[in-house]
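Participant: Sequence:
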Amino acid sequence: MTREDILIQIEQCGVIPVIRGSSFEEALALVHAIEAGGITVFEITMTVPNALDVLKELERADSSGLIGAGTVLDAETARACISAGARFVVSPAFDAATVELCHRYGVPCFPGALTPTEVVRAWQSGASAVKIFPCSAMGGARYIQSLKAPLPQVRMIPTGGISVASAHEFLNAGAFALGVGADLADVHAARRGDHDKITEVARQYRAAVENHRAAKR
Numbered sequence: 001m002t003r004e005d006i007l008i009q010i011e012q013c014g015v016i017p018v019i020r021g022s023s024f025e026e027a028l029a030l031v032h033a034i035e036a037g038g039i040t041v042f043e044i045t046m047t048v049p050n051a052l053d054v055l056k057e058l059e060r061a062d063s064s065g066l067i068g069a070g071t072v073l074d075a076e077t078a079r080a081c082i083s084a085g086a087r088f089v090v091s092p093a094f095d096a097a098t099v100e101l102c103h104r105y106g107v108p109c110f111p112g113a114l115t116p117t118e119v120v121r122a123w124q125s126g127a128s129a130v131k132i133f134p135c136s137a138m139g140g141a142r143y144i145q146s147l148k149a150p151l152p153q154v155r156m157i158p159t160g161g162i163s164v165a166s167a168h169e170f171l172n173a174g175a176f177a178l179g180v181g182a183d184l185a186d187v188h189a190a191r192r193g194d195h196d197k198i199t200e201v202a203r204q205y206r207a208a209v210e211n212h213r214a215a216k217r
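Taking my numbering, the leading residue of the sequence shown gets 1, the next gets one more, and so forth.
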């Protein structure tokens with residue numbers, strides 16, 4: 001799968017669940033519950049215990065899902081994630097060496113940025129898309145719309161504070177995809193064994209993406 005193939009799959013899915021959790025088993029349960037709702041892209045954060053083992057297990061399972069690594073802070077960690085099976089790499093901040101390493105391996109890298117200067121710097125470094133984080137702190141969808149006006153060429157992945165109710169606003173503002181954390185990857189529901197709730201929320205996000213596309217036709 002080429003870098004462009006990966007970007008196409010992410011854009012088509014429209015949602016990147018940010019998977020956190022307190023254990024290997026909890027992270028896998030979240031992935032399976034969300035995948036049952038029709039979402040096929042997942043960001044396994046490095047804050048999950050044994051996160052590299054989660055990546056390896058999902059790669060070994062050979063499902064239809066596209067698995068990436070999140071909260072990657074340096075090139076060394078990025079290399080380990082790619083070796084474990086990550087197809088894309090996400091960071092909360094910009095690190096030039098990480099972007100360079102991902103380019104070397106043909107893997108999309110989504111560094112985090114917030115201000116216009118940071119966004120431009122990350123994009124000019126060769127980022128495949130820029131994670132706008134924490135987006136909610138800057139006004140949410142209106143901030144994405146403001147950034148996209150002078151920077152229409154930059155693929156933006158708003159992350160932080162997104163909900164099913166606000167998903168269409170971010171998509172209308174020009175988001176490439178939505179980085180969604182606890183509203184979708186609900187660890188409390190997973191701990192209760194309420195996987196059906198997680199699956200239903202995933203379906204709602206998929207419906208939001210499909211409705212957005214239908215309205216644009």
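Quick caveat, the hints were computed from the structure, so don't treat them as lab data. Among these hints, one or two may not hold up.
Calculated cross-link-like contacts (lysine to any residue; reagent style SDA-like; alpha-carbon spacing at most 20 Å) [what the hints assert, rightly or not]:
| no. | residue 1 | residue 2 |
| --- | --- | --- |
| 1 | 197 | 216 |
| 2 | 56 | 32 |
| 3 | 216 | 46 |
| 4 | 197 | 163 |
| 5 | 197 | 26 |
| 6 | 197 | 213 |
Participant: Please name the hints from earlier in the document that this structure breaks, with their numbers sorted from lowest to highest.
Facilitator: Numbers 1, 3, 6 - these are the hints that the structure violates, sorted from lowest upward.
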